[in-house]
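Using the sequences plus the hints, can you model the full thing?
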Amino acid sequence: MRRPLIHRQLTLYIVVINGLYFLFGITLIVLGIYTIIDNANISELAGTALYASGVYMLIFFGLIITAFSICGCVAVEKENRCMIITYIVILCITILFLFISGVMVLVFKSSVGNAAKEIMISTLRNQYGRYKIITDAWNVTQSRLRCCGVDDLGWHVYNDSWWDVFINTDIYEKNAKLTRTSPFYKFVPESCCATIIDAITGWPTRTYRDLTRCQTWQYGPPSFTDGPHNDAIYYAGCFNSLKDYINQYGKAIGALAMITIVLLVSDFIGAIDNAVAAVKRNKWEKTKLRQPLLHECAFLNLRKYFGNDTPHFHSSQFEKPFHETNDLTNYFAPCDGQLVWLRSKYS
1 MRRPLIHRQL TLYIVVINGL YFLFGITLIV LGIYTIIDNA NISELAGTAL
51 YASGVYMLIF FGLIITAFSI CGCVAVEKEN RCMIITYIVI LCITILFLFI
101 SGVMVLVFKS SVGNAAKEIM ISTLRNQYGR YKIITDAWNV TQSRLRCCGV
151 DDLGWHVYND SWWDVFINTD IYEKNAKLTR TSPFYKFVPE SCCATIIDAI
201 TGWPTRTYRD LTRCQTWQYG PPSFTDGPHN DAIYYAGCFN SLKDYINQYG
251 KAIGALAMIT IVLLVSDFIG AIDNAVAAVK RNKWEKTKLR QPLLHECAFL
301 NLRKYFGNDT PHFHSSQFEK PFHETNDLTN YFAPCDGQLV WLRSKYS
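Residue numbers (this note's numbering): 1 to 347.
What the hints contain is simulated information worked out from the structure, not anything from laboratory work.
With a cut-off of at most 27 Å between alpha-carbon atoms, the simulated BS3-like pairs for lysine-lysine come out as follows:
{"hint": "1", "residue 1": "K243", "residue 2": "K117"}
{"hint": "2", "residue 1": "K186", "residue 2": "K117"}
{"hint": "3", "residue 1": "K117", "residue 2": "K251"}
{"hint": "4", "residue 1": "K243", "residue 2": "K132"}
{"hint": "5", "residue 1": "K186", "residue 2": "K174"}
{"hint": "6", "residue 1": "K174", "residue 2": "K132"}
This is the structure:
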């Protein structure tokens, strides 16, 4: 049975859409992995796992989308009812979780406010230098985003912090701290110090401009918020830098997730229509297979009645019967619970 044009067009549409899903899935995986690698410590700084959870969910469903896009092409091409139904179920689950993950990333983007700022200050003052995971998170963030502390010109956040007490302990006096006027007193950690930019690539190198001037300078920043400019230290705070960084990737990830959802919904509608067509096609094929059996059964029943005078019949056995049931060339024979109508070739 040749499929109607609308069903062939629908199948082609679903195949094309699944090809786009495959590309979207690969894009989600690559973008998610890049975001995790490039931005692995954001959740530790902001004190929330929403961002990382959302990105991990996008990676997971990028893998799912890539896998079922291939299955979807096979299912609609073969018109296998079980495969299509399975495809639709997976499609519904993917739409739901992809929507949730996209919302999580967008919510995190909007939730980086005063609460997150307070958490950043707390982790910097009480946990930086004390716990490795927090220390690494801050070091990576400050060096990569080229910022220092939380607020702009916010070097004072390190004053009397756990790191300050530990790093500026006077080795000659037990439980004593160096005075701020000491030439050995360090105001900020090394990750706050500016590095030289590679002239060719434009990327920061690991060579500091002036580490001593950055950490211990007494005549301006970081000792004071004003005074002569100190080009060896970062002036920008990490809170605003972090917000800009999240906005840059959060919009891309959220938009990509929502576009994928729109395509998934359109494919969902097409898959349902294709499933209905597959059910009808399977039903027609089963009826077609039963026709010879019904004909043989009906013919034997008629032969019992007519004996050797049984009429010959057309090869096309199933036609709507005439209203004139008194036509002796038309016969009705009960078979398999159905009233099978046969027309004699002499009619």
